[in-house]
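Position in the sequence shown counted from 1, then plus 12, gives you the working numbering.
Just to be clear, a hint being listed does not mean it is correct.
As the list claims (entries may be wrong) - Once the Cα atoms are required to be at most 30 Å apart in a straight line, the calculated BS3-like pairs of lysine-lysine come out as: (1) 132 with 174; (2) 174 with 257; (3) 44 with 239; (4) 174 with 152; (5) 174 with 156; (6) 257 with 132; (7) 156 with 311; (8) 132 with 156; (9) 257 with 156; (10) 239 with 257; (11) 152 with 257; (12) 311 with 132; (13) 239 with 156; (14) 132 with 152.
What the hints assert, rightly or not - Restraint ranges, calculated between C-beta atoms of paired labels, are given here: (15) 191 with 37: 33 to 43 Å; (16) 98 with 261: 28 to 38 Å; (17) 316 with 97: 34 to 44 Å; (18) 301 with 172: 33 to 43 Å; (19) 310 with 172: 17 to 27 Å; (20) 119 with 301: 38 to 48 Å; (21) 230 with 95: 17 to 27 Å.
No lab work stands behind these hints, which were simulated from the structure alone.
A virtual CB, placed ideally from N, CA and C, is assigned to each residue, including glycine.
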Amino acid sequence: MSSTMSPAFTTCVFDMGDHDTRLLTVAVEPPKPLLIASPCETGEYPVLLFLHGYLLYNRFYSQLIRHVASHGFVVVAPQLYTIACLDCTLEINSAAELTIWLMEGLPPLLPPNVRPNLSKLVISGHSRGGKAAFALALGKCSSKSLPFSALIGIDPVDGMDKGCRTSPAILTYVPGSFDIGMPTMVVGSGLGEVRMNLLFPPCAPRGVNHEDFFRECRAPACYLVAKGYGHMDMLDDETDGMRGKATYCFCKNGDRREPMRRFVGGAVVAFLRAYLGGDDRDMAAIREGCAEVPLEIQKAEFLP
């Protein structure tokens, strides 16, 4: 990715895009229940497969996936499970099965004038879903060859600590060990490794969090960490039910969710524009510190 912009450039990827969007819930037909956000305007759009975090509902990400969709992407968010153990194998294989299903199953679910470009299919995920996304990109699933063009880990987590990780093993603790072969972005939360209180461990502990995942990435890759925001701050403002309330109780959070959600959504859009669309102006603005970012970036690293 080469820079093609002046330092005066500012970016609007952190705001909602120009596309009107449609949010569709599909509960029965696919291999897993789906939440799909897509533009309404006629066109062909890249597809982002987004995997939810540990014990969370896909609907908790509705504002985030609509943000991304409003910039010209189709976002598919499956509900992989409602109860989980320390072994991620089933959800990883379910996501692989869904990836294959998308080729035939996704187009009929979209507006008739919207065409998914599955030659530009991105795998992404938050928290445990971020670990699952890395697992799929590394081929640790029942389907060894999947058609992904890019990988995004949003505050990925591989267990409680180095001695209590979820299966299958992903982190090797060897720098540059991930042989992924595609552009990769890791977005981290500055407060993820901080305890909410003495009763609960950090939601994204050191040794198994975003820093460790990025350390094992190879170029091209980028790494952005949001200062002052927590592991759940990219969720919707209102998350219902007991699990929704728990997202405010178990993790150290920022003052409000909107800035982190806009930051994550904008970073995803900038990354995809750069590596799928060949337009690196927004990513270069972030890299050069001249983007209108909704929060303070604690760390930014880029592997060319």
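Flag every earlier hint the structure violates by its number, smallest first.
Per hint list: 1, 3, 6, 7, 9, 11, 13, 16, 21 violated.
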